[in-house]
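2 protein chains.
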Amino acid sequence: MFIAMNNFKVRPGQEAEFEERWRTRESYLSDVEGFVHFALLKGEEPGDYASHTIWRDRAAFIAWTQSPSFAAAHRQGGSVSQVLDGAPHVRLLQSVITEGVPIG
Amino acid sequence: MFIAMNNFKVRPGQEAEFEERWRTRESYLSDVEGFVHFALLKGEEPGDYASHTIWRDRAAFIAWTQSPSFAAAHRQGGSVSQVLDGAPHVRLLQSVITEGVPIG
Numbered sequence: 001m002f003i004a005m006n007n008f009k010v011r012p013g014q015e016a017e018f019e020e021r022w023r024t025r026e027s028y029l030s031d032v033e034g035f036v037h038f039a040l041l042k043g044e045e046p047g048d049y050a051s052h053t054i055w056r057d058r059a060a061f062i063a064w065t066q067s068p069s070f071a072a073a074h075r076q077g078g079s080v081s082q083v084l085d086g087a088p089h090v091r092l093l094q095s096v097i098t099e100g101v102p103i104g
Numbered sequence: 001m002f003i004a005m006n007n008f009k010v011r012p013g014q015e016a017e018f019e020e021r022w023r024t025r026e027s028y029l030s031d032v033e034g035f036v037h038f039a040l041l042k043g044e045e046p047g048d049y050a051s052h053t054i055w056r057d058r059a060a061f062i063a064w065t066q067s068p069s070f071a072a073a074h075r076q077g078g079s080v081s082q083v084l085d086g087a088p089h090v091r092l093l094q095s096v097i098t099e100g101v102p103i104g
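Sequence lines, in order, name chains L and A. Using our numbering, the final residue of the first sequence is 104, and nothing's skipped along the way. Using our numbering, the final residue of the second sequence is 104, and nothing's skipped along the way.
No wet-lab data here; the hints were simulated from the structure. Virtual Cβ for every residue (Gly too), placed ideally from N, Cα, C. Some clues are possibly wrong.
Said to hold, decoys possible - Quick list of the computed label-pair ranges, beta carbon to beta carbon:
hint: 1; chain 1: L; residue 1: Val101; chain 2: A; residue 2: Ile97; range: 16 to 22 Å
hint: 2; chain 1: A; residue 1: Arg56; chain 2: L; residue 2: Ser30; range: 22 to 28 Å
hint: 3; chain 1: L; residue 1: Leu84; chain 2: A; residue 2: Ala71; range: 35 to 41 Å
hint: 4; chain 1: A; residue 1: Lys9; chain 2: L; residue 2: Glu33; range: 31 to 37 Å
hint: 5; chain 1: A; residue 1: Ala71; chain 2: L; residue 2: Arg58; range: 34 to 40 Å
hint: 6; chain 1: L; residue 1: Ala16; chain 2: A; residue 2: Gly13; range: 44 to 50 Å
hint: 7; chain 1: A; residue 1: Gly13; chain 2: L; residue 2: Pro12; range: 38 to 44 Å
hint: 8; chain 1: L; residue 1: Ala16; chain 2: A; residue 2: Ala72; range: 18 to 24 Å
hint: 9; chain 1: A; residue 1: Arg56; chain 2: L; residue 2: Gln76; range: 27 to 33 Å
hint: 10; chain 1: L; residue 1: Val101; chain 2: A; residue 2: Gln66; range: 21 to 27 Å
hint: 11; chain 1: L; residue 1: Leu84; chain 2: A; residue 2: Gln66; range: 34 to 40 Å
hint: 12; chain 1: A; residue 1: Ala72; chain 2: L; residue 2: Ala87; range: 37 to 43 Å
What the hints assert, rightly or not - Just a sample of chain A residues kept apart from chain L, beta carbon distances all over 10 Å, derived:
hint: 13; residue: Glu17
hint: 14; residue: Trp22
hint: 15; residue: Ser30
hint: 16; residue: Ala39
hint: 17; residue: Gly43
hint: 18; residue: Gly47
hint: 19; residue: Ile62
hint: 20; residue: Ala72
hint: 21; residue: Thr98
Said to hold, decoys possible - In silico SDA-like links for lysine to any residue, alpha-carbon gap of 25 Å or less:
hint: 22; chain 1: L; residue 1: Lys9; chain 2: L; residue 2: Arg21
hint: 23; chain 1: L; residue 1: Lys9; chain 2: A; residue 2: Glu99
hint: 24; chain 1: A; residue 1: Lys9; chain 2: L; residue 2: Arg21
Put together the whole structure using the sequences plus the hints.
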């Protein structure tokens, strides 16, 4: 299990607009080999958001970043950046221990 | 879907010890109502780790924090803190949009 998070700080008052841009985007993820789950997550601090994508493993994530699907999805990114306070911050995480229902 | 992350910065050279302390702990999670999945995650920056617990919803997470299982699990916390560089940082995240296999 491998998780790619992109952390966003949204400008005050722009939260609804930010969420709407995610709802109306085309993700191009559903047919990607090794894709397991995507969530847009909202934190408890004002403006705190993260995209959270679970991959079967790191190799599947890397392959996606080099695919036409990735390029197509990120051509839409400009519309999100207009409501951000600063650049997004990527964090890549590899599972070391897991417990509970199987995922991925 | 609700995610509770606890972010850790582990002292240089203490990564294996940190992971071992997680491996040998008793989690007390498997029987908790609303618990879905736990992972210990390792980031790509040196010393970057996170515990990552998926709950059915925020209410299940809050109920767990007020339960004897939570108290029992966290009585073991002292052994982890010895290998940390600073205090852990909790981030609580609520899903706004999801896509992919159902989780939770």
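**Request:** Taking the shortest Cβ-to-Cβ distance between A/Gly47 and chain L, state whether it exceeds 10 Å.
**Result:** holds (13 Å)
**Request:** Using the Cβ atoms, figure out if L/Val101 sits within 16 to 22 Å of A/Ile97.
**Result:** holds (21 Å)
**Item:** Least C-beta distance from A/Thr98 to chain L larger than 10 Å
**Value:** The claim breaks: A/Thr98 does not keep its Cβ more than 10 Å from every Cβ of chain L (closest is about 5 Å).
**Message:** For A/Trp22, is the shortest CB-to-CB distance to chain L above 10 Å, so the non-interface label stands?
**Reply:** The assertion about A/Trp22 is violated, with a minimum of 6 Å to chain L.
**Prompt:** Holds or violated: L/Lys9 with L/Arg21, Cα cutoff 25 Å?
**Reply:** holds (15 Å)
**Request:** Kindly confirm whether 35 to 41 Å is satisfied by the beta carbon distance between L/Leu84 and A/Ala71.
**Result:** holds (39 Å)
**CB-CB spacing for L/Arg58 and A/Ala71 relative to the 34 to 40 Å hint** = holds (36 Å)
**Item:** Range agreement (Cβ of A/Gln66 with Cβ of L/Val101, hint 21 to 27 Å)
**Value:** Distance hint for L/Val101, A/Gln66 holds at roughly 23 Å.
**Message:** At 10 Å, judged by beta carbons, does A/Ser30 keep clear of chain L as stated?
**Reply:** violated (7 Å)
**Request:** Note whether the CB distance of A/Lys9 and L/Glu33 lies within 31 to 37 Å or breaks it.
**Result:** holds (34 Å)
**Prompt:** In terms of Cβ atoms, is chain L entirely out of 10 Å range of A/Ala39?
**Reply:** Label violated. Min Cβ-Cβ 4 Å, cutoff 10 Å.
**Prompt:** Taking the beta carbons of L/Ala16 and A/Gly13, is their distance inside 44 to 50 Å?
**Reply:** The hint (44 to 50 Å, Cβ to Cβ) holds, given that L/Ala16 and A/Gly13 are roughly 46 Å apart.
In this structure, the hints that do not hold are numbers 8, 14, 15, 16, 17, 21 and 24, in rising order.
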